[in-house]
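There are 2 protein chains.
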Amino acid sequence: MNGAILVLSGPSGAGKSTIIEHASDQIGEYYFSISTTTRPPREGELDGVDYYFVSREIFEEDIKAGQFLEYATVHNNYYGTSLKPVKEALSEGKLVIFDIDVQGHRLVQAKMGDFVTSAFITPPTLNELEKRLYARSTDNDTVIKNRIENAKKEIQAVNEFDFVIINDVVEIASSKFATIANASRLKKSAEELEKLVIHWQDGSK
Amino acid sequence: MNGAILVLSGPSGAGKSTIIEHASDQIGEYYFSISTTTRPPREGELDGVDYYFVSREIFEEDIKAGQFLEYATVHNNYYGTSLKPVKEALSEGKLVIFDIDVQGHRLVQAKMGDFVTSAFITPPTLNELEKRLYARSTDNDTVIKNRIENAKKEIQAVNEFDFVIINDVVEIASSKFATIANASRLKKSAEELEKLVIHWQDGSK
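Read top to bottom, the protein sequences are chains A and B.
Residue numbers for the first sequence follow the numbering used here, beginning at 12 and rising by one.
Residue numbers for the second sequence follow the numbering used here, beginning at 12 and rising by one.
Excised from the complex, chain A in its bound form (with noise of 0.2 Å):
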């Protein structure tokens, strides 16, 4: 079995994490890749589940020491993917899967296009994300209308990626997940169709 990688996009709101719950025992193993941050940890976030909350310091040193996979600066913090995590679930074959926007999608097609598949997932309508954003009344109104700003630039990258999901329906969407993840593990990377081709011409099995 090959490692492989699963891009996610979309509105926060959209119901990314729903969706994997759902599908989490249809898509067999997965490491679900978690960012790190210079944020303060918000009420009820933990680290190592929610982020990986760090110092300014260790942020900058690990930027300077190449170990982001991609990072990026949001009102003043970063928030990147550190790179051993990801590499060592690839190579023990499986599937990681991440959450994150669209600009942070365009740095991991650059640096690891060959193993990537995404998919933005997304209410139907502009109309229903704000509702969903409301009725869970976790943000003040301000952070909601960013994420309403921030969703009507996004969706404008929808093309970039390889699926699109609308979550409408939690179990349509979580299946159609399912069938893209496990697809997703089957894309081979460059490395591997070549090692393929030689061991395919040279005969022995």
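Honestly, the hints are just simulated from the structure, not real lab data.
A couple of the hints might just be wrong.
Below, computed lysine-lysine pairings styled on DSSO-like, alpha-carbon distance capped at 30 Å [as the list claims (entries may be wrong)]: (1) LYS142(B) - LYS122(B); (2) LYS75(B) - LYS95(B); (3) LYS164(A) - LYS156(B); (4) LYS198(B) - LYS98(A); (5) LYS198(A) - LYS98(A); (6) LYS198(A) - LYS122(B); (7) LYS142(B) - LYS198(A); (8) LYS198(A) - LYS164(B); (9) LYS164(A) - LYS198(B); (10) LYS206(A) - LYS198(B); (11) LYS142(B) - LYS156(B).
According to the in silico footprint, chain A covers these stretches of chain B (three or more CB under 8 Å from chain A) [stated by the list, open to error]: (12) 169 to 175; (13) 200 to 208.
Derived contacts from chain A toward chain B, CB cut-off under 10 Å, selection only [stated by the list, open to error]: (14) ILE191; (15) LEU204; (16) HIS210; (17) ASP213.
Computed from a predicted structure; not experimentally measured.
Virtual Cβ for every residue (Gly too), placed ideally from N, Cα, C.
Position chain B relative to chain A; hints supplied.
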């Protein structure tokens, strides 16, 4: 549901038809594209099942009328895929499966790339392919040697395909094929994505 195209290529003897048959109850409704040819039917071959058998004159008229999605000349005979049944099946939301060669895949990609997912199916090694071709004894030595020379050329094009399926154990290969076929249905064309974004912004549901 959206129509989609799944192109299968790979050497004769790779087990493509067996794999499709095995997976047929897992992949929903599909239309298996039947090629048109000017070569005479072999013993046991049926018109409308194995091929549409037509005269050279009719084939050339159809070329002029732009009725082929792709066509080629092999050993002085024409082989081609008519556009009409493919378009009909797509408009009915069916998955259209093609069994065509590497060159045919390029032509279909060029004309309808938006809808296309592709998989190269092959036995694990060249040796194994030879064994299978001799074992099934439907072809004479010259034909088999020809198929093997073709296979050696075609394997060089695996990197043009989205997926490669090694048909070692047919149950495993069929299950991989079903996963790929089901994922291919979820691919959206540029036109569909455009509509999706407009609908999303518009907000009506």
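For each hint, the structure was consulted:
1. Of the supplied pair hints, the one linking LYS142(B) and LYS122(B) is violated, its CA atoms being roughly 36 Å apart against a limit of 30 Å.
2. Taking the CA atoms of LYS75(B) and LYS95(B), the gap is about 15 Å. The hint holds against a cut of 30 Å.
3. With a CA separation close to 56 Å, the supplied pair LYS164(A) and LYS156(B) exceeds the 30 Å bound.
4. A threshold of 30 Å between alpha carbons decides the hint, and for LYS198(B) with LYS98(A) the separation of about 28 Å falls inside it, so the pair holds.
5. Taking the CA atoms of LYS198(A) and LYS98(A), the gap is about 17 Å. The hint holds against a cut of 30 Å.
6. Between the alpha carbons of LYS198(A) and LYS122(B) the distance comes to roughly 24 Å, so the proposed pair stays at or under 30 Å and holds.
7. As the CA atoms of LYS142(B) and LYS198(A) are separated by approximately 27 Å, the hinted pair is consistent with the 30 Å bound.
8. A distance of roughly 22 Å separates the Cα atoms of LYS198(A) and LYS164(B); the hinted pair therefore holds under the 30 Å criterion.
9. Using a Cα cut-off of 30 Å, the hinted pair LYS164(A) and LYS198(B) holds, with the two alpha carbons roughly 22 Å apart.
10. Our distance criterion of 30 Å between C-alpha atoms is met by LYS206(A) and LYS198(B), whose separation comes to about 29 Å.
11. Of the pairs offered as hints, the one joining LYS142(B) and LYS156(B) holds, with about 12 Å between alpha carbons and a cut-off of 30 Å not exceeded.
12. Three residues within the 8 Å Cβ limit are the bar, and the segment 169 to 175 of chain B against chain A gives 5, so the coverage statement holds.
13. For the segment 200 to 208 of chain B, the stated coverage by chain A is satisfied: 4 residues place a CB nearer than 8 Å to a CB of that chain, which reaches the threshold of 3.
14. Interface hint status for ILE191(A): upheld, as the beta-carbon distance to the closest one in chain B is roughly 6 Å, under 10 Å.
15. With 10 Å as the threshold, the beta carbon of LEU204(A) comes within range of chain B, its nearest partner Cβ sitting at about 5 Å, so the hint holds.
16. The criterion of a C-beta within 10 Å of any C-beta in chain B is met by HIS210(A), whose closest approach is roughly 7 Å, and the hint holds.
17. Of the supplied interface hints, the one on ASP213(A) holds, with its beta-carbon coming within about 7 Å of a beta-carbon of chain B, less than 10 Å.
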